[in-house]
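Asker: Dock chain one against chain two, each of which comes alone in its own frame, and use the hints as you go.
The primary structure of each chain is shown beneath.
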Amino acid sequence: MKMPAINKIWLAIVLFYTVLFASLAFYDGQPSRNMLENLTRPLPEAVEAGNAWIAVYGFSAPQGMSPYAYGEKKMHGLRDIIEPGGSYKEQDKQVPDNRAREIVFKGEIISLNINKDRDILRYVREHGGEIRALERDNAILLRRYEELRNYPGYADPVDYGFSAPMPKFSSIRKTRILRLLLLAETAGRGRYAAALTGLRDDMNFWRFIAGNSRLIISKLTSISFLYQDIRIAAELGANLPLSNEERKIALDILRPFDRGETAMREVFRGEVRNMQKGMEKVYSLSRRTTERFFFKPNSSDNLFYKNWEDVVGDVELSPQQIAAKVGRAGNLREKIGFGFLYNPVGEILATIGKVDTSTYIVMGCDLEGYRRLALLKILVRTEKISSENIRKFVESHAADLGNPYNGEPMKWDPAGKTLYFNKLSGNGRVEIFL
Amino acid sequence: MEDNQVLKIAPYIALICRPAAVRDAALKRSVIYAMAVNAINGMLVMTALWIQMSYMFTVPLIVTIGFLFGPFFSFIVSSTCSRIQWFVGGRMGSPASYNDIYRIFAWSFLPLSVMALLNSLVLIQFYKPGLLLGSVTLLPFILIALLGVRNYCSNIIALHQFMRLRGAACLTLAFLLILSAFMCLLLVAFLLLGDSINELNNFFPLFMALG
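Quick mapping for you: the protein sequence lines, in order, are chains A and B. Under numbering that gives the first Met the number 0, the residue at position 103 of the first sequence is numbered 102, and the numbers go up by one with no gaps. Under numbering that gives the first Met the number 0, the residue at position 204 of the second sequence is numbered 203, and the numbers go up by one with no gaps.
By construction, these hints were calculated from the structure, which means they are not laboratory data. No residue lacks a Cβ here, since even glycine has one placed at the ideal position from N, Cα and C. Mixed in with the good hints, there may be bad ones.
[As the list claims (entries may be wrong)] To spell it out: a stretch of chain A is covered by chain B in this simulated footprint if at least three of its residues, at any positions, have a beta carbon under 8 Å from a beta carbon of chain B; those stretches are:
{"no.": "1", "segment": "167-181"}
{"no.": "2", "segment": "337-348"}
[What the hints assert, rightly or not] Some but not every residue of chain B turned toward chain A, in silico, with C-beta under 8 Å:
{"no.": "3", "residue": "M34"}
{"no.": "4", "residue": "F74"}
{"no.": "5", "residue": "V135"}
Just chain B, same shape as in the assembly (with noise of 0.2 Å):
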């Protein structure tokens, strides 16, 4: 019974360290598998994130945030980054299908979503940890937030068919891009938000150097 269970975790325990763990769960089940994983990952961040001002919000709000919105932010990322990697990769030559890019980001990042929350929760045990304490409460997630960035990276790469040097061009291009979509998301908030457009000011040298 307990050999089973260790076998059953074990698979889970890999996705943190071993890039080809990532890759095989993946591309070894379904698009629609990894929707579901991208929806977790959202409903876990998104209440992380809120958790942390439980001193405001009930718990229930905060859940109800975390299913709500935390799917529809996730598929909003992982869709864009996915995509735009797709794009960068195919211009240079990558043969690797949307599917395929979608499949690795979704659960490169699961261990990192676990991870955030899990810290959140201990995080909030503590009435302002300091500079000691908040680090090593941290640690963890720092490394497998580490771990999560080299097993997607490696993944995407391998995907790509890209020598290394070809595969870190192809990823810094894309980061690049992410970023300025995301400028441009803003952008459009502030649009919306009438007066805000003011703060647009601070954003503005981003945007030039991103130019």
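For reference, chain A alone in the conformation it holds in the complex (with noise of 0.2 Å):
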């Protein structure tokens, strides 16, 4: 019998969207290499001994119980809701903490933030009281503070995707204040080989930090404390009759950044894995099958590693290929294109979830810019230039302490009295009071 023209053309129909609905459904991209690479390569854990990150996770244990003890116990608390697959929501409410009896910082500190023009020796002489009741009331943080030097690394949970819990740096940061006022205390007092010692220490804690940081927020929190270190060092460096030994210190202080410090590539290949691992347990698809329809997991991670790829390439970038990147980073919502027919809610959540890196990969650069000034204010001082003259001066110093974008010399404001660079947003300056 032979079949209608029409129901040839209805079966033809049902056949091909048939095919093309079951190509859409399974099929998924191969995995890109450089993905592979970065979501599988080694990275030290979390939890081990050592890692100073543990410690500052718990860096507020109640009293009796070591910071480190009680961020490993944090962590196992939280490991245990995770491995059975706990909803990430869920730690907050579960992870054992003793909250209650947490050490907080008590009373107000002043902020060191680097654009005031503070005067941080005159200020611990006219508040010596004070932060000599502060040193009193917190000592205890004070010792944690000073013992998180003794761990030998530091690995952030990269692997922990979004449940990866984030320090309350809140409680260091001030307790961090604190110990540089008193170490603007001991110089005020005379004792300057031991105030430039401590700050070198302080100084050498967090560049290794900085070096060895694999998520943002230890990075910025690094790089923001490097920022007070460089300040006070350039304070006691241009205010202090420093003898040539203690000069040398502060010059050690702020001798160039190294080791991946200011680097942000390594930040950015870290944060690109945890959000990977982070969405792995978010889109669990061994539990939902009807997703793996929608979202293709090889497919997701190339987009959202491509996202990132710029600034996680093979090389770290230097601060002119910065300068240049940044000055292209403003058309960052690239259209959703083919892809979206096989992996909607990839292709999706990829194009929301692109960040503006522009941002952070200066961060590095101006930290490095902002030594190079702390360097020219302490060359002004005690080369004792005139303010006529300081701009020639500092042109002297274009080659080796010049803008770190464009190896221009560094600019001068007589009225503000400020050595300062332009920030490549255009927004802003990183300057230093002289």
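Answerer: Next comes the structure, spelled out in structure tokens:
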């Protein structure tokens, strides 16, 4: 019996759409080599003896318990929730957390905002009583802060995905400012070497953290702390009559950054891996079968990685390359293309999750520029350069202490008595008060 | 030459406002022809909808979605609507065949789908059009939509050979059944999408009313 033409057409249509939908539902791309390499390369374990991150996480441990033991206990509790497939939302409720007994910083502490023209040496002279009281009330936190330097490693919990806890840096920040004020007080009493050595220890610790950070929160925190260290070092180096030995320590504090301390590539690589690990948990494909029709893990991972690929490539970007990249960062949102046909959820998530990295990639270079400004400040003061000659002096140091982005000399603002260079974004400047 | 062109275009213009022109175009041509028209309707409507999101999706993707999925949804909608119409009409004593109803459906909404695309292309030229501008832009579309529905209803009643009241009752019943079918499709979609089942709470009153 011959089939009518109309039925043949219907059959062809049904077959065509069956094949089309099946192909779209089951097709997934191949994982890209670079993405796989980043996702599978071995990273140090977070819960491992000697990891300073654990102590930072448990910094506010109740009295009688070490920060490391407290941080480790909290991490084990978290792991017990995550490993059986618990929701990351449950972590806040269930992680054993003796919050009520946690030690918090007592008292008010000043800000060490680098843009504020505040003379720290004069401040500690005038507020000695308050600083003593703060030292007395926060003796335990001060001791814990000193002990952080004893840890040989620092590893962020990158592979915990969205469940990665964030240490409360607030207590550490306040304790650290108190410690810097105590160092300034020590310098004010004439013990320059002791103050500078203490500052160098602090700077070295945060350089170490900055060099080993793999998540942006650690990196940015360490960079902001390094700004403050540099600011204090510049103030001590410029205002105190230092001996040659003491000057050497000051210059050692302000030595150039190295070992990835200002580099952002590792942080971005860590961030993208952290995000991918998070997505693996949120979109656990073993639990939801229908989702695999709309969310393709390989293609989505490739997309997430591609968003960051420019800044996580094989080579760390030079300040000049960063300058060029930030200039091009305007057109962030690329439109969704054919990938949407087989991976609609992944495409949309990758598009809305796109981060403007231009704000972050300049931070390391800004810090390096600030270090140069600090050195210039010390040189201007110690060589007693008059206000009229500062511009010429700064120009003579363009090669070694110039603008990190274009190599031009730093700028001098006689009215505001500041040395500065303009930020790449064009909004504001990085400056140091003379 | 110009006269020839006018003659060629005139029947298509008549499709907008003259039910008889729609009936002529539909019934004089084969079902395969109607299927092709349905596919075009789907492509145009699908592209018109997606083009509103051209800030997010590339134009080649929008066109591809229109070409691939427009006919698919159009086939489903036109077949479902026509079959329900045929079923209800048959129960009420209509002699109309399914193929005729299917052909009327396809041709009635051809001007509407063309207008949908044109209107969509005009709308994306404006960034957040206000109420007045939006209304003015949508006016031709609304007019053609009303005419399209009028043509369809009129032709269906004529095909069924019903009087007005009986024809209106048949169309209303068919519409309610189509709505129920649409709700059932939504139910299946929500069931497939797991957690979205919770969203069904919002549809229960409607289901009960339809029941």
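Asker: List in ascending order the numbers of the hints, as given earlier, that are violated by the structure.
Answerer: 1 and 5
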